[in-house]
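Q: So the protein sequences, as listed, match chains R and C. Each position in the first sequence, counted from 1, maps to that position plus 454 in my numbering. Each position in the second sequence, counted from 1, maps to that position plus 44 in my numbering.
Don't take every hint at face value.
Unchecked claim - Part of the chain R face toward chain C, derived, beta carbon under 8 Å: (1) Phe510; (2) Gly521; (3) Val581; (4) Asp582.
Said to hold, decoys possible - Calculated Cβ distances over 12 Å to all of chain R for the following chain C residues: (5) Gly108; (6) Gly150; (7) Val152; (8) Arg325.
Read the hints as simulated data drawn from the structure, not as lab findings. Where is the CB? At the ideal position from N, CA and C, for every residue including glycine.
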Amino acid sequence: MSASWVVDVLFWLLAAGSLVTGWLVFRTDSMVRAAFWLLASFVGVGAMVIMLGAEFIGIVLILMMAGEMLIMAIIMVMFMMNPAGLNPMFMVHQHRASIVAGTTAFLGLAIVAVLTSFPDRPVASGVDATEQLGFELLGGSMLAFQTAGVALLSTMIGAVVLANRQGRYGSADEGSIEPDLDPEPSAEDPGSGTVSDAAGGRS
Amino acid sequence: MTGQGVHPMVAVTLIGGLLTVGVYIVAVLDATLRALVAGHPLQVGSVLTGPIRRAALLATTASGDTERPDAQGWALAPALLAGLAAVALATVPLTPQVSVADPSTGFVVFSAAIAFVMIAVFLHGWSPNSPWPLHGAYRYGAQALAFQIPFLLAMLATTLPAESLQIGEIVRAQEPLWNVVRQPLGLPLYLVVGVGVSFWGPLNLPDAADLAGGTTAESSGVGALLWQVARAAMLVAVAAMGAAAFLGGWWGPWLPAPVWMALKTLVLLAALVASRHLIARVRLERFVVICWVVLIPLALVNVFVAGAWLL
Chain R
455 MSASWVVDVL
465 FWLLAAGSLV
475 TGWLVFRTDS
485 MVRAAFWLLA
495 SFVGVGAMVI
505 MLGAEFIGIV
515 LILMMAGEML
525 IMAIIMVMFM
535 MNPAGLNPMF
545 MVHQHRASIV
555 AGTTAFLGLA
565 IVAVLTSFPD
575 RPVASGVDAT
585 EQLGFELLGG
595 SMLAFQTAGV
605 ALLSTMIGAV
615 VLANRQGRYG
625 SADEGSIEPD
635 LDPEPSAEDP
645 GSGTVSDAAG
655 GRS
Chain C
45 MTGQGVHPMV
55 AVTLIGGLLT
65 VGVYIVAVLD
75 ATLRALVAGH
85 PLQVGSVLTG
95 PIRRAALLAT
105 TASGDTERPD
115 AQGWALAPAL
125 LAGLAAVALA
135 TVPLTPQVSV
145 ADPSTGFVVF
155 SAAIAFVMIA
165 VFLHGWSPNS
175 PWPLHGAYRY
185 GAQALAFQIP
195 FLLAMLATTL
205 PAESLQIGEI
215 VRAQEPLWNV
225 VRQPLGLPLY
235 LVVGVGVSFW
245 GPLNLPDAAD
255 LAGGTTAESS
265 GVGALLWQVA
275 RAAMLVAVAA
285 MGAAAFLGGW
295 WGPWLPAPVW
305 MALKTLVLLA
315 ALVASRHLIA
325 RVRLERFVVI
335 CWVVLIPLAL
345 VNVFVAGAWL
355 L
């Protein structure tokens, strides 16, 4: 149906594209541009995963990265107080440590890639990988995936609770402070237990 | 496996042609509904030629410029949005025999296209390096992140009767009963989100008039034209997928399959376009709260109802 050289060319184009856009993440001078170059890199990786026959995983990777990179860009701009993210800024810091960390990680991954004997089991053309993945997720690997799912859900609920303005000890606007460990209200501090008095007593 | 793949050139021509016709229909529907709602006499000639005149005017207008824009991103955004509309429409099976792309993960491909709309809109608002467009971009970020989950859940419920993520299978599973009957909450949820995806009418928050045009505040000329065309193309893709996923796609008595598909798409397109003239613009804060507090629980109920139907 499709000539194999087309597949080869496509693969190398995607691979080169992912590398170049990944490199551009560190060459650009804007956080929003960096996030979008990273997104482009991940889309290339997702497309290569699709070419490997893992259609569902590849497309889900691309789907998830859209939202994640946008959130990342907005959060970075918020933290850096760079209102638009368009103002040029230096994106690379701590050169020596970064070079050491980058080289070590590259060598480690390269050694693994060269020394590992990857399995070579071509999938028959009639197999629907999406269906098989579904049966695996809700069959043999159900416990692992459901455990991870519940853990992620509780993390999300925890994050929402932490970010909530109405904290456990009162509104964050008024400075919510946990009560003293000493449960006995002392004689000279009859009002201890209320938020404002606890704050006053500590200062 | 359904919908034998068509030749790439045929696919490109088909999607391009359908989107061109669809965008023109959106413009005509918009003018017609505006006249009907306002009670003006319908001037057929001006309704039919108006869109072409406006497009010609925009195409010949000089493009404006801002101080230090991200020129590439600014040029890319309308093309990205139009491309996403094409990807989304490509996953919709048109007839039992013809579907441009009907992979076993069609639902995920369509969702990925919808998710990337927020990248396109954010890029369009961020790149001009100007305050109003940037406000629009941030607005759409909040809006899109809020409607993503109701959208995914509403669409996910339609994959349950089909036992497949393939859109062709979703349509085929509706032969006995359309999803709009089986899952009464699904279509309303989908339409709310569909209006949001195309930032149209009541949910046109990123390009709203209260932001002096939002992400389009600095656009003029060809860029503004392409952005409007791409947005209308997104409406067409959303309506076509709604017809396939909820209104039974090509199923229907007496008429041939493609006619049914076109009719259902037109009905949904008219409903989406009419929202602009019938419903006032919603405040962003209210919409975000409604999404998280009302629409997500409703969408979950919808999934449970769809699951209970199968038991």
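Q: Does R/Val581 pass the interface check with chain C, least Cβ-Cβ distance below 8 Å?
A: With a minimum Cβ separation of about 11 Å from chain C (threshold 8 Å), the hint on R/Val581 is violated.
Q: Answer holds if the nearest beta-carbon of chain C is closer than 8 Å to that of R/Phe510; otherwise answer violated.
A: Holds, about 5 Å.
Q: Measuring Cβ to Cβ, find out whether C/Val152 lies farther than 12 Å from everything in chain R.
A: At roughly 5 Å from the nearest Cβ of chain R, C/Val152 sits no farther out than 12 Å, so the non-interface label is violated.
Q: Measuring from the C-beta of R/Gly521 to each C-beta in chain C, is the shortest one below 8 Å?
A: holds (6 Å)
Q: Confirm or reject: C/Arg325 is not an interface residue toward chain R, with every Cβ-Cβ distance exceeding 12 Å.
A: About 23 Å separates C/Arg325 from the closest Cβ of chain R, which puts it past 12 Å; holds.
Q: Just double-check C/Gly108 for me: nearest Cβ-Cβ distance to chain R has to come out over 12 Å.
A: Non-interface label on C/Gly108 holds, nearest chain R Cβ at 17 Å vs cutoff 12 Å.
Q: With a cut-off of 8 Å on the beta carbons, see whether R/Asp582 makes it to chain C.
A: holds (5 Å)
Q: Report holds if the minimum CB distance from C/Gly150 to chain R is greater than 12 Å, and violated otherwise.
A: Contrary to the label, C/Gly150 does not stay out of reach of chain R, its closest Cβ about 10 Å off (not over 12 Å).
Figure legend: structure checked against the earlier numbered hints; hints not met, in rising order: 3, 6 and 7.
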